[in-house]
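Novice: Chain by chain, the residues:
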Amino acid sequence: GNSVTQMEGPVTLSEEAFLTINCTYTATGYPSLFWYVQYPGEGLQLLLKATKADDKGSNKGFEATYRKETTSFHLEKGSVQVSDSAVYFCALTNTGNQFYFGTGTSLTVIP
Amino acid sequence: EAQVTQNPRYLITVTGKKLTVTCSQNMNHEYMSWYRQDPGLGLRQIYYSMNVEVTDKGDVPEGYKVSRKEKRNFPLILESPSPNQTSLYFCASSPYLGEKLFFGSGTQLSVL
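Each protein sequence line maps, in turn, to chains A and B.
Per the working numbering, the first sequence starts with residue 1, numbered consecutively.
Per the working numbering, the second sequence starts with residue 1, numbered consecutively.
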């Protein structure tokens, strides 16, 4: 079946620290992979995506590379800001109509 | 403004009292879906719809119904709510299959 596993949170970092949030997946075929971000009291917003192996998605300083050999899509940012504090969800879709989300990783960035 | 609108934002009800959570999108999207978000479980898909009059079950459809009579609307119906349906619910839409999802702001439901 299809599933997504994310690293447990919460994660607390100081401003300008390096961020990695791990995400691994199980899927048949060639899924598309996504990172969504949820700010307090809001719905999820797409942060970045990748649709095939070795693709790198990037947005707002965040990056993630689709690694088929390790079935991973880890989220990274070189220097986090207080405004990056949110919950981050890794997700996949295989067929386009069913989406599978990880459990979410809460990030708090302190000044 | 392009958006997905859910109502109500908060709802407290009692076991067995039928309720409907509305969802409407103004982007002419083909695809719509419902999710519930629970601590430690992330988002789980309840139902989805690929077009008018076409709906299908997600991972956790038990206790829920949906309808898609118009392209813009996709209400979630709980015929007989139970406490285990207390959750945060999100509606989402997408212009076509596999593309990014646009989420509503969520409905926090408490069933007593």
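Mixed in with the good hints there might be a few duds.
Simulated DEER-style distance windows between Cβ atoms [to be verified]:
#	chain 1	residue 1	chain 2	residue 2	range
1	A	E16	B	K71	39 to 49 angstroms
2	A	E16	B	L97	19 to 29 angstroms
3	B	P61	A	R67	25 to 35 angstroms
4	B	N84	A	R67	14 to 24 angstroms
5	B	D56	A	G29	39 to 49 angstroms
6	A	D55	B	P95	14 to 24 angstroms
7	B	N51	A	E16	45 to 55 angstroms
8	A	T26	B	T20	32 to 42 angstroms
9	B	P8	A	T71	15 to 25 angstroms
10	A	S58	B	Y96	16 to 26 angstroms
I should point out that these hints are in silico values taken from the structure, not numbers from a laboratory.
Idealized CB from N, CA, C, for every residue including glycine.
Novice: All the hints need checking, so say for each whether the structure fits it.
Specialist: Evaluation of the provided hints:
1. Our hint of 39 to 49 angstroms for A:E16 and B:K71 holds, since their Cβ atoms are close to 46 angstroms apart.
2. For A:E16 paired with B:L97, a C-beta distance near 40 angstroms fails the hint of 19 to 29 angstroms.
3. Hint check: B:P61 to A:R67, Cβ distance near 33 angstroms, so the stated range 25 to 35 angstroms holds.
4. Under the hint 14 to 24 angstroms, the C-beta atoms of B:N84 and A:R67, about 37 angstroms apart, miss the expected range.
5. Hint check: B:D56 to A:G29, Cβ distance near 19 angstroms, so the stated range 39 to 49 angstroms is violated.
6. Between A:D55 and B:P95 the beta carbons are some 20 angstroms apart, a value that agrees with the proposed interval 14 to 24 angstroms.
7. A beta carbon spacing of about 47 angstroms between B:N51 and A:E16 agrees with the range 45 to 55 angstroms that was offered as a hint.
8. Under the hint 32 to 42 angstroms, the C-beta atoms of A:T26 and B:T20, about 35 angstroms apart, fit the expected range.
9. Separation of B:P8 from A:T71 is about 40 angstroms and departs from the stated range, judged on CB atoms against 15 to 25 angstroms.
10. Restraint check, A:S58 to B:Y96: a C-beta distance of roughly 23 angstroms satisfies the suggested window 16 to 26 angstroms.
When each numbered hint is compared with the structure, violations occur for hints 2, 4, 5, 9.
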